Structure formats: C-alpha cells, structure tokens
Amino acid sequence: MDVFGSFALLLAFVCAAYALVGGIVAIRTRHALLVKSARQAGIATCALIFLATFSLVYLFFSDSYWVAYVVTQSNRSLPTFYKIAALWSGQAGSLLFWSFLLSIYVFSVLLTYRNKNGELMPYVGVVMAGVQIFFLTLNNFVASPFKVLAAPGANGALDIFTRADGNGLNPLLQYPEMVIHPPNLYSGYTGFTIPFAFALGALLARYPGEKWIHLTRRWTMIAWCFQTVGILLGAHWAYAVLGWGGYWGWDPVENASLLPWLTGTAFLHSVMMQEKRGMMKVWNVWLVFVTFMLCILGTMLTRSGVVSSVHAFAQSSIGNWFLGFLILILVVCLAAYAKNRDYLKSENQLDSMISRESSFLFNNLILLVSCVAVLSGTLFPVFSEWLSGSRISVGKPFFDKVNIPLGLILLFLTGVGPLLAWRKTSTDSLKRNFGWPLVTGLMTGAIFFALGLREFYSLLCLILCVFVASTIGMEFFRGAKVIRARSGASLMTSAVDLTMRNTRRYGGYIVHMGMVLIFVGLSGAAFNKDVQKEMRPGSVAKIGRYDLLLQSVDSKPEPNYTSERLIVEVTKNSKPLMMLYPERRFFPANQESGTMVAIYSTLREDLYVVYAGRSPDNNEVPVVHAYLNPLVKWIWLGGVVVVLGTIVTLLPNRRAVLALSGAQQPAVAPSLSPSLQPQVTLREGHD
Amino acid sequence: MTSRRLSAFFQLTCLAALLALPAAAQVDRAKQIGGKFMCMCGCNQVLTQCNHVGCTVSTAMLKELDQRLARGESENVITQAFVQKFGTQVYAEPPKSGLSLVAWSLPTVYLIVGTALVIFVIWRWRARQHLQAAPVDAPAGMSPDTLDDVRRRVARETED
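Keeping their order, the protein sequence lines are chains A and B. The opening position of the first sequence corresponds to residue 397 in my numbering, with each subsequent residue numbered one higher. The opening position of the second sequence corresponds to residue 182 in my numbering, with each subsequent residue numbered one higher.
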C-alpha cells in the first residue's frame, strides 16, 4: 500500500503539472479541447491525492510498522479514533492532509463550474494547479509520508524491516477535539485558496465586473467559517488539555491561525462595498492575496521552527520551501497587478463621513492594524535576534495590551456599522437606531459599576456588548413587527421569516451576535482566580464559593495509558454539588505524560481543576491547581452562534427562490414586466 | 474556657494572622512578578501559567522567585537576576527601552498611519463626489434602458 500511495502521489504531481502547463497553453491558444483536458487533469490530480491519503490511512489501520511515518505517529494500542488523527499529527502526514483538503475544494470548484464561466475558469484552474504543485512537491520530494524503514542487509543492499510496534501518538493530541480541530483549521487555510485563485484568475483574465466576487462569496464564507471553528476548537483544546487555566496564550502558532482570519474578516466586509458601490476593487483583490499569503506564512511558521511554540513541528529546512513559495506568490501577484491594474479602476465616491462605507473602512483599518500588530509581535523575537544578537520574547501580556483596545473598537463598529445607511445617514436615523441601544448600554454599565465592577476594559466590554446586542435586537424586532402586521404571525415566526427573506443580512447579524457572546466571555478573564495546594486525602481547598475535598487517589490501567485520578468532592456554599475527576495519564509507548482537566461549567463561571502532579518536595502528596474562570462558557456558545449565522448567510433568500420558481412557469413569465426581469436575476446573485 | 486559655487562644490567633498575612502577600507578589517572566522550558508560556506535566524548569524558576522574595529582594533586583541568568528571552513582554521600544511603538504607529490614510481616502472620495455630482433634476425623457439601470442600482444599493 505504501508503494501504491507513493505512486499515486507521483502521478498526482504529473497530472497537476499537466493541468498547469496545459492550462497556460490552452489560455494562450484558446484551444477548447486543451482547456477541457487541463480541467480533466485537475480532476485526476484530486482523485489521485484522495487515493494517496486513503492509502496512508489504511497503513495506520493495518499497523504497518515498516512505514516510518506510521511508526512515529501510531502504535498498536492506539484507539481507532486517534489512528485517523495520526494522519495529520506529524509533518509529512499533515502536508498530505493539506493536499487532500485542497483537493476537495479544487474538485468541487472544477465540477461546479465545468460548464460555466468559460472565460475565467481556465485561469482559476491554472492558479489552483500551481498551488497543488507546490504541496505535491513537498509530499513527493521533501516530506514523503510513505518512506519505509530500511537498513543495509548482508549483501550490502537496503532491506526493509518492520518494527514490532510504533512510538505512539503525542499524548497532547489524544483528545477528542484533536480529531476535529486540525481538519477545521486546515479547511480554513486551504479554503482561502479558492477566493485567491478566482481573484488572481479574474485579474489575469481581466474578467469583467464583480462576478468573481459573487462566485467566491460562498467559498470565502465556508473557508472563514472553518477557520473560525478551527480557532475556537483549538482554544477549547488548549483550555481542556494543556491545563494552564486559559484558552488563548498568544502562542506563535495560535497567532498564525488568527492572521488570515483577521484579513479574511476584513475582506468579507469590504467586499460589500465593491458589490454595492463598485468601490475598493484594488483593496479587495489585495486583501484576498494577503489572506492566502498569510495562510502560507502560518503554515510556514508552524513547520519551520523560526519561532518557538508548544504547537510547532520539529525544526526543519521545510521553511525555506514555504518562504520560496511565498516570494513566488508575491511576485506573481505584483506582476499581475502591475500588468492589469487599470482593470481594477473603481468608482470610489463617498457622499458622507457618516455612512456604511466609512464604517467599513474603519472596520478594515482596525482588523488590519490588529493583524499587522500580531504579526510584528510574533516575528519580533526573530528580528531582535538578527539585529541585536539576543532574542527578546513577546508574550501574552504584550498581545493583550495591544489587542484588547483594538478588539473593543471593533466591537463598537460591529454595532454601529450595519445600521448606518449606504451613502449617507441622517441625524434622525442615527437617533432612531442608536438612541435606545446607547441608553441600554450605559445603564448596564452603571448597574455593573454600582455592583462593584471596576475593571475598566471589562466594564467597557460589557457596555459595548449590551449596546451591540440591543442594536441587533432592534433590527430584528423592527423588521419582524412589519411582517407581523402584514401576516398576523407571531413575532418569532415573523423574525424567522424576516431572516429567510434576506439571509445574508440577518445571517450576518446572527454572526455579529455570536461575536458579542464571545466578547462577553472574554470580558470574564479579568476576574479569574486560582489556588494551588498540596492535598492529602481528606484535605480541603477553597476557591470562591466552592470547597474541594480530596476524597482519594486511584489508578486505572487503560490499553494505551495508565491513569492516575483524583476523586474530588465539590461543595458549593456548603451544599454537595458534584464529583470531579482530574487525571494525569502516562503513555508508556512514548514515555510521556498528559493532563485531563476536570471542569464544572456554568454560564456564570467554570470551576477548573487540574491534577498538577506530586509535590516537588516529597514526590508523594498530590498538588491540585484549581481555577475559577468567569463567563468562559459564553465563548463556546458564541462560537456555535457564529457557525449558525454563517450557515444562514449561505442559504438562498426565500423570496428569491419563490420568484425563480414562479418565473419558470410559462403562465407567470409573460405577465412579468420586462423591466422587472433583471431584478429577479440580480436577486439570485445577491442572496 | 478560663481567661488564661482565652488569652492564649487570642495570642495564638494574632500570631497566626501575623504570619499568614506576609505569606499571602508574598504569594500575590510572586504571582504578579512571575506573570512578567516567561517559562524557559520552550513552551512559550508565561511562567505562572506553565503547567506542563513534569516541567522542572518552571518549578525551579518559581522556587527561585519565592526564595528571592523571602529574602526581601525588590522586583527590580529579581528581574535583573533573571535576565542575567536566562537572557532577555525571560521577559514576558518587551521592556520599554532600547530596541524593545520598537515592538511597543509599532502598533501605535500602524494605528496612526492607518487612521490618517483612511481619513485621507475619505476626504479624497468625498472631494471626487462633489466634483462629479450629477444634476439634481431628473430628465423628463429618460429612456427605458436608463430607467432600468437606475432601478438596478437602487435595488443593489438598498438591499442590505
């Protein structure tokens, strides 16, 4: 199977090369058959990558311990569940996984548009093939996951040998979320290839109008949603597994995942200015380019060892390949822009400072400033070492100080932006839309202040959260009230109807509401408490309203690890509440240990208990580290709401569906006024 | 309980409180100062937050911090000692001096330059709008094509 996988990868490389070269020749000669053959080569590339990936998965399931990658990432007692996760747990496998996910996107795009957009698709195909070639080069010639274990035999030739068992999977990765977190994050990274390919393709083809934006909107939303989910799952994994009581440590690898998310978010907003007003064409194209480049940069940072990180793969020379690819992308983008920049001429005009357009400009400004600040902070240790010879660390306190104010400005704009009108907002409209939300926000602030909340940023964050939630709530309420007056349905049914009539707008509001919930959760971090105590059975630790009584310590052998567990009885205000079981696990295959945190989570706070090991003094008494983290659950709830909102934005408008189905009936079509026909088409594209 | 016992109990309680207060204060100070250092095990986490199983580096660093605080050393002295021992990498946030000042100033520079740029862009686009403003009165004999164009534009701009 390893030979089959290797061969499939090699053949995929050849097919991708054909898709690239054949595609370029087809564009130059406008030869229809050549265009078709380049597309078919693109589809074949994807099919071959699927086969190679399934070969590697099969090698894991069949315990093929003559394949080096399988030996380093798995062992016989590893649960089936984690044998799938082993696919992306190491350098070579994760790069194949990159290629695999990219292939899913490329395959879907090539099939979806096989008979559409004939002028644009050959260019898009060429760009996608170019990206695939880079990753297939790594898969085939730099970090092959199909290398076998070999040693010189008696006759001097290399003989393949098989190990009895593997080294096992990194204990930190043996957690259910690790099976879904990397696929989500990688789907985000790879997904941004599609808008990049369309943007570069449209620029190279001088494809008229905003059509490439309409075509890529859903792809961008999907990639963005995966990136969001991936980031939040990563945060939850860090919270539940690493055992340091937090969910975001501004680690370079975490930062790397945030960078394309920030520029991607900026793009999703600024693209509306191009759709509605024909503005910002240059900016949007470059935002897509930069987002894709940041995806590659993020992948490079994770793998090159340039920056130290707890998540990073071992230091290797692979970073040079990524750097070369990054430079190549930049050169191609600059050349395409220099050659065809007149194609991006925009109708940039602004009627008023107080308008939706202005708010989007400021929204983009804050997102970009945050992105550049995080990037420069992440790379500063490297630069400081180059310049002064000593590496200066830039850790969590720095990133918190820089990004908290920026995040709050962004939160404010989240409330303000969507309610400003395009072109110009009147003073009356400002009063109508923002009067009550402002009052509600300030009143909430006064109440929290009176209750003793003195932490400035947390107080401001809660005021802004209430303000934004009120503006969104009022938007739904106003719209639903109008529908209710017409239909007589309940307010809730009317709100659902309203959402389904303009999924993009109201789905966007739901996403914003999800972000508000996330910010509520973040505001709680200022009030975290913790206590660490050496505890013998029978002793009690107190934190907030909770008493933790250590009842006993037990040990449980599992097939893949041995667990040492604390049995902790929790009482709240002196009343029995529940039992918690924080664990330490020892994995004999790789001689490593890991923690399993016990969490009692409510909307108000998380009681987070870590078995932090034995006392360093006597190596006997268990050490318990307990944290009380307020409002953390709101972050995960916010994530769910963001995903729901994104799904809503991807749905077609209900009215558009009805109009289209009506238009298909011969009896209805002639009755439509000719001047209304374009509107039906327009709505189809603008859902 | 006799008055003698009561007095002894009171004295013991006061002694315990006196001993406990500095200890609690020292724990808080250790947390506060430890939050300004990185754990040097390579985990890239703040010293007080490193909770890697079996991390001997953070344990030793925290122990040294406790000992220095118990000796009554100031934050400045402790910081100097840690920097001397581990290098500038031990800072959790760059010091606000020398080259590190660049790290602190960059975000502010980005924000100021970016805001200036956005304001300039808005000013330029508004000026362009004034120059290209169309006549307010709509032409009476507008062609159906033009009317359709206008309708499309209005629909597009008022949809969201």
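The reader is advised that the hints may include incorrect statements.
[Claimed, not checked] Here are the computed distance ranges between Cβ atoms for each label pair:
id : chain 1 : residue 1 : chain 2 : residue 2 : range
1  : A       : 749       : B       : 208       : 48 to 54 Å
2  : A       : 1014      : B       : 223       : 26 to 32 Å
3  : A       : 713       : B       : 297       : 21 to 27 Å
4  : B       : 265       : A       : 719       : 31 to 37 Å
5  : B       : 210       : A       : 955       : 42 to 48 Å
6  : B       : 290       : A       : 952       : 52 to 58 Å
Note that these hints are calculated values from the structure, not bench results. Quick caveat: nothing in here was measured; it's all calculated off a predicted structure. Note that the Cβ used here is the ideal one computed from N, Cα and C, for glycine as well.
Query - Violations among the numbered hints, reported as their numbers in ascending order - result: 3
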